[in-house]
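Participant: Residue numbers (our numbering), protein chains in the order written: chain A, -2 to 466; chain B, 144 to 328.
By construction, these hints were calculated from the structure, which means they are not laboratory data.
Worth double-checking, as some hints may not be accurate.
Claimed, not checked - Calculated cross-link-like contacts (lysine to aspartate or glutamate; reagent style DMTMM-like; alpha-carbon spacing at most 25 Å): (1) K28(A) / D295(B); (2) K456(A) / E388(A); (3) K25(A) / D295(B); (4) K456(A) / D61(A); (5) K456(A) / E87(A); (6) K336(A) / E388(A).
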Amino acid sequence: MNIFLPILPELSIFISAVLLLIVGLFVKNIKLIINLAIITLIIAIILVLVQPVQSAFNNSLTIDEFSKIAKTLILIGSLASIVMYHSSREDLNINLFEYPILILLATIGMMIMVSANDLIAIFIGLELQSLTLYVLAALNRNHLASSEAGLKYFLLGALSSGLLLFGLSYIYGFTGNTNLNLISTTVTSGNIGLIIGIVFVCSGIAFKVSAVPFHMWTPDVYEGAPTPVTAFFALAPKVAAIALAVRFLIVGFSDIAFDWQQIIIFLSIASMVFAAFAAIAQKNIKRLMAYSSIGHVGYALIGLACGTPQGISSLVIYLSIYLIMNIGVFSFILSMKNKGEYYENISDLSGLYKTHPYYSVVITILMFSLAGIPPLAGFFGKFYIFIAAIESNLLLLAIVGILASVIGAFYYLRIIKVIYFDESKNSFDGFSHRSLGLLTHPSAILILIFCLYPLPLIKISNYAASSFF
Amino acid sequence: MVISSKNPVHSVLFLILTFFNAAGLFVILHAEFLAMILIIVYVGAVAVLFLFVVMMLDFNFTKSKENVLQYMPFGIFIGVVFICELIIVLINTRLDLANIQILANPFLNFSDMTNTQALGSVLYTDYILYFQLSGVILLVAMIGSIVLTLRDRPGVRRQVIGEQLERNASSTVLKEVNSGEGIDI
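Work out the full structure: start from the sequences and follow the hints.
Facilitator: Written as structure tokens, this is what we have:
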């Protein structure tokens, strides 16, 4: 029994998912399933936090400080997504008890990804997560766009998994090991086969985090998928895939950091610049958030490109703030409705300030934070990332990042302009559902007070980064 | 023959032959487990499924041959490229069998065991986590396909076996039907 202790959180989620599957078949009460799933996730968060640092299954899984923090973020993201589903399932007309169960199973996959210290574990975790996401994207099967999103995501995702597996097989072939710690002992610079492997794995991971030039699926899938699913895509899998990239590159290949650094720098610059320009022309707010998430991934990858303790700790800070902001924004998008009809266009928000002043102040805080305007949390996230980049002599990355965030500020500020200065057009229900307010308000408050108490998050991120160095 | 035979059923049968050939190659490489799996999974499940699909579909296969000529030059080009590559590989490659080194091996005494034995000895011990997680992936695939396709339609007439068995001669309704007229029930 002792060998299963290290995966106790995953195991408890899995057992609960299977039980809920049986319960859901006989009890036609989706609310009960949702509540039980939320309780499961809360228990899992506690279990993750109290776990001791250890490695398990012949060192194929590592439970260290970094994985504990990343798992907590992932669990919070999944939790938020289930709450959002609860608030919108009636209006979206997707009453499927499988939704929380699929989220739970995807969460298991992401937790395996985060702890994976072995090539096989990386691949299996990634597949478990992506297979669930394909299903989730197509969940609204009466809706053409949702089916299209699911199919598109499935085809491109399968291709990227293939690339990733090809890269992993190269790495195994040229090092003779699947364990990352053992691989790091055999890594030598100038090994072309190994570099080809790393390139393929990086492109596979870049697809999963939707970094440019592997971002093509993102806007369509984000727009087509039901909004709670879109929120889930933007929250948990991003954190998981970036954490996977960090462990894979830092633990396995820190000796040839120069070789993979170029790839990450390219991905990062391309994502930041592309997202800043492409988002300007968007009219749909979900598409806009897709481009916004591409851009944010670009900033987060700067932290990875540094490869220093400070870089990793700034990456953790950035991801946490990103998660909090996106929970707020997506629950706001879900509350953009009138009598059960959802608004998705930015122009629908026009004149919101005149009818709902309080409501528009909240979205203003969130948008300012996404744009990175001080003294909100989004600014500090970018600030720590750029400081880390400058200290590891990646001046180019810092300069491009700052320029891109200036351009990017335009499309966030445009939303605020539409809200405050345009003619009022539509009426809104406001935070009609209690649980949406429960997500938006804490997120807005956390963003506001971060500048007063930044210390806890900085401590947490240093704690997470300490596991690699 | 898989792609050029006129009858699609013959194509599938030739595909099965190809799988057997591949299995034979695996046996030559001393990978008898892979050979067995290839036959069981591909021939036993996938090819039979193909066969069913091909037989069920009422597709006019003669029509699809019409634009063969259109793609012919490109196909020949690809074929020539592959043949050239094969020839180059055959001429240039000389396997240095003496100097091949195995970088890592999970077994110390691999030469005493067959493949299947070796896999069996680690699959449920060292690799139990991966084995179980693969099971979870299959569960997700199952849930996913059910979620995406199962629809509760109202008014579906289901078979109630209990009621069928309860029927006897006294509850049977017999009516005279004149041919070509039909009746109201």
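Participant: Is it true that the CA of K336(A) sits at most 25 Å from the CA of E388(A)?
Facilitator: violated, 52 Å
Participant: For K28(A) and D295(B), compute the direct alpha-carbon distance and say whether it is at most 25 Å.
Facilitator: With Cα atoms ~20 Å apart, K28(A) and D295(B) stay inside 25 Å; holds.
Participant: Is K456(A) within 25 Å of D61(A), Cα to Cα?
Facilitator: holds, 16 Å
Participant: For the pair we were handed, K456(A) and E388(A), check the Cα-Cα distance against 25 Å.
Facilitator: holds, 19 Å
Participant: Within a Cα-Cα threshold of 25 Å, do K25(A) and D295(B) meet the stated pairing?
Facilitator: Measuring from Cα to Cα gives roughly 13 Å; hence the hint holds.
Participant: Does E87(A) sit within 25 Å of K456(A), going by the straight-line distance between their CA atoms?
Facilitator: violated, 41 Å
Violation of the numbered hints given earlier is confined to hints 5, 6; the remaining hints are satisfied by the structure.
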